[in-house]
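With the sequences and hints as input, model every part of the structure.
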Amino acid sequence: MANPNLSVAPPPPVAPVPAPRPVALELRDLTTVFPGDDGPITVIDGISLAVRDGGTLAVVGESGSGKSMTFLSALGLVASPGRVQRGEVRIGGAEILGRTPEQLRRLRGAVVSMIFQDPLTALNPVFTIGEQIVEVLRAHSGLGRAAARARAVELLARVQIPDPSRRIDDYPHQLSGGQRQRVLIAMAIALSPKVLIADEPTTALDVTVQAQILDLLADLQAETGMALVLITHDLGLVARYADDVAVMYAGRLVEVGSIEEVFSAPRHPYTRALFRSIPRLDGPVDEELPAIEGQPPNVARLPPGCAFEPRCTLGHGRADCCTKRPLPLAGDRAGHRSACFHADRLDQMEAAR
Amino acid sequence: MDRLTRQLTQLAITVFGIVTVTFFLVRMIPGDPAQYMLGDYATEEALATLRAQLGLDRPVIVQYGLYALRALTGDFGASVVTGRPALEEILSSLPDSALLAFAGLAIAVVIGIPLGIVTAERQGSWSDLLIMVVALFGISFPVFWLGLASVLLFSQELKWFPALGASSGGGFLDQIHHLVLPAGVLGVSVAAYITRLTRSAMLEVLNQDYIRVARAMGVPQRRVVWRLALKNALVPILAIVGVTFAWSLGSAILIEVVFSRPGIGSMILKAVSARDYQLVQAGVLVLAVAVVLVNSLLDLAYGLVDPRLSAR
Numbered sequence: 569m570a571n572p573n574l575s576v577a578p579p580p581p582v583a584p585v586p587a588p589r590p591v592a593l594e595l596r597d598l599t600t601v602f603p604g605d606d607g608p609i610t611v612i613d614g615i616s617l618a619v620r621d622g623g624t625l626a627v628v629g630e631s632g633s634g635k636s637m638t639f640l641s642a643l644g645l646v647a648s649p650g651r652v653q654r655g656e657v658r659i660g661g662a663e664i665l666g667r668t669p670e671q672l673r674r675l676r677g678a679v680v681s682m683i684f685q686d687p688l689t690a691l692n693p694v695f696t697i698g699e700q701i702v703e704v705l706r707a708h709s710g711l712g713r714a715a716a717r718a719r720a721v722e723l724l725a726r727v728q729i730p731d732p733s734r735r736i737d738d739y740p741h742q743l744s745g746g747q748r749q750r751v752l753i754a755m756a757i758a759l760s761p762k763v764l765i766a767d768e769p770t771t772a773l774d775v776t777v778q779a780q781i782l783d784l785l786a787d788l789q790a791e792t793g794m795a796l797v798l799i800t801h802d803l804g805l806v807a808r809y810a811d812d813v814a815v816m817y818a819g820r821l822v823e824v825g826s827i828e829e830v831f832s833a834p835r836h837p838y839t840r841a842l843f844r845s846i847p848r849l850d851g852p853v854d855e856e857l858p859a860i861e862g863q864p865p866n867v868a869r870l871p872p873g874c875a876f877e878p879r880c881t882l883g884h885g886r887a888d889c890c891t892k893r894p895l896p897l898a899g900d901r902a903g904h905r906s907a908c909f910h911a912d913r914l915d916q917m918e919a920a921r
Numbered sequence: 073m074d075r076l077t078r079q080l081t082q083l084a085i086t087v088f089g090i091v092t093v094t095f096f097l098v099r100m101i102p103g104d105p106a107q108y109m110l111g112d113y114a115t116e117e118a119l120a121t122l123r124a125q126l127g128l129d130r131p132v133i134v135q136y137g138l139y140a141l142r143a144l145t146g147d148f149g150a151s152v153v154t155g156r157p158a159l160e161e162i163l164s165s166l167p168d169s170a171l172l173a174f175a176g177l178a179i180a181v182v183i184g185i186p187l188g189i190v191t192a193e194r195q196g197s198w199s200d201l202l203i204m205v206v207a208l209f210g211i212s213f214p215v216f217w218l219g220l221a222s223v224l225l226f227s228q229e230l231k232w233f234p235a236l237g238a239s240s241g242g243g244f245l246d247q248i249h250h251l252v253l254p255a256g257v258l259g260v261s262v263a264a265y266i267t268r269l270t271r272s273a274m275l276e277v278l279n280q281d282y283i284r285v286a287r288a289m290g291v292p293q294r295r296v297v298w299r300l301a302l303k304n305a306l307v308p309i310l311a312i313v314g315v316t317f318a319w320s321l322g323s324a325i326l327i328e329v330v331f332s333r334p335g336i337g338s339m340i341l342k343a344v345s346a347r348d349y350q351l352v353q354a355g356v357l358v359l360a361v362a363v364v365l366v367n368s369l370l371d372l373a374y375g376l377v378d379p380r381l382s383a384r
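Taken in order, these protein sequences are the chains called A and B. Under the working numbering, the residue at position 105 of the first sequence is numbered 673, and the numbers go up by one with no gaps. Under the working numbering, the residue at position 121 of the second sequence is numbered 193, and the numbers go up by one with no gaps.
If you're looking for bench data, these hints aren't it; they were derived computationally from the structure. Any given hint could be a false lead.
Derived SDA-like pairs (lysine to any residue); straight-line CA-CA distance at most 20 Å [stated by the list, open to error]: (1) B:Lys342 to A:Asp738; (2) A:Lys762 to A:Pro872; (3) B:Lys303 to A:Gly804; (4) B:Lys303 to A:Asp737; (5) B:Lys303 to A:Arg620; (6) B:Lys342 to B:Gly155; (7) B:Lys303 to A:His741; (8) B:Lys303 to A:Leu688; (9) B:Lys303 to A:Thr689; (10) B:Lys303 to B:Gly314; (11) B:Lys342 to B:Val205.
Calculated Cβ distances over 12 Å to all of chain B for the following chain A residues [to be verified]: (12) Pro669; (13) Ala690; (14) Ala859.
Keep in mind that this is a model prediction, so the values were computed, not measured. All residues carry an ideal CB built from backbone N, CA and C; glycine is no exception.
Printed below as a string of structure tokens:
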């Protein structure tokens, strides 16, 4: 008798559903306050965000909207007298907010790294770039001087600094802006962090260098599987490099979702206004870009309702927008959330104007 | 023009300026050297003869021209009181003053710089506030008052240190014993100033982006402050030390008087009351050159600290 098993055809191969990658960095309800004349001023208000291993989250918003402050708060870097009032910060699932300053220091630069906006001021002018990379390496590892220096040369080569064994003894003023940002990236990836936070990494650089730096970051990410948080106000970069996007306004999140969803159907009037103010290559040369009317908000004196209401072309003056506290980012659709009372009706409202 | 030549040219111009200014300044002191030397009852005739001998009867501008010409050959005239060359007199008392000034400055640097760093690091804390208030007192009280008060306390009451003199002929330990109180008073007074300025230099550096970056990279606070920030603050701190060197020389003069120590200070003071023009001029010149020299050396040191300055 034939083995019945043999008569059974093997099951057709099922396309494997990739398990979602683990969350690298998660913020929950993170809130930071500064003391003000009339009680504490909330500079970031209940921020909840997550970025997965290997994923890229873009955080966009005007200057002063709290993009950088959110991540400085998460890393225990808020300058006194500001302080984190409540919330959770998880790295690889482990809560870190309650940790001691020394424990946080060990995480910074090693597990979560940051690069900053202006490479011209971010490097210490009186130390060679080698000394500065070695300083970071030795802050987190027991590497000896010679070994740390050898590793620094490798890192400079990795970020494509030409002739690294000679350039390592250069001072920052001997390098171009793009090269300095590369050096800062070398410092940031020196200890193979899980998360790299890039705070407007290319704003101070010229356009051709911008693309090189971002491509370098994308390469490094593909190679190491680190999560990337890209803080920017350049929506062009967001579209090209990010998986998810979080839009901030006046210290609050107003919209969160995947790039596809947010770009194809933005569900907050502020996001829509941001998109309208991007210049188009195919637009008329003398086209005047619509700016968002009104003043950027002062977080010390936000209106009682939605923070965007005074400048919102759709909600301005509406009773609910003026009086009710802004919605928390309640789920409207999976993975795409908005803090607008009228998220579902924005198209009709725009058409009706 | 290379660095050294530029420094030397600068030095020469400065010295020329100092010679000129002191020459006219000294002649603005009321009183007549001839009158002083011969006393109130001298006859007009005797006074005129002496003035002619000293060259004081010529127009001031001619006196200046002659003085400047002789100065070029290193001849600064003779003291009218002792008759010895003025420069020689002054240089012989330079070591006493230099010892006091450097000892005071060393104490000031050793106290002031660390206190400035620590208070900058803890800006706004109680320890910061306390040290800054004390430093403000230190700056506000004139050094001669501090000197007199310390003589009262440490010499009269506690009898720890001698009040007068430098024990110039005594043994090394005895000289140190005599030096402690005046150098300490000078040091504490200058330290107050160095503390405040070091603090503000450090505060400025600690607010720079690169310090924020170092913290974001997890560099320990101790390394951030004492290495990464301090080296940046060193240029302004060195500049402060240069300025305070001039100041401690000036204070050393007052201290020499309070503690009756030998030195350029006490010598210039006596020379002024005797209207000994040549001696005053030589004294001020030596002090000024010392200040300029120390500051030139510091200028060279900046280049060692900050690579951007040595590139220029």
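Hints, one by one, checked against the model:
no.	hint	verdict
1	B:Lys342 to A:Asp738	56 Å, violated
2	A:Lys762 to A:Pro872	39 Å, violated
3	B:Lys303 to A:Gly804	41 Å, violated
4	B:Lys303 to A:Asp737	17 Å, holds
5	B:Lys303 to A:Arg620	40 Å, violated
6	B:Lys342 to B:Gly155	15 Å, holds
7	B:Lys303 to A:His741	16 Å, holds
8	B:Lys303 to A:Leu688	18 Å, holds
9	B:Lys303 to A:Thr689	16 Å, holds
10	B:Lys303 to B:Gly314	17 Å, holds
11	B:Lys342 to B:Val205	37 Å, violated
12	Pro669	8 Å, violated
13	Ala690	5 Å, violated
14	Ala859	29 Å, holds
Figure legend: structure checked against the earlier numbered hints; hints not met, in rising order: 1, 2, 3, 5, 11, 12 and 13.
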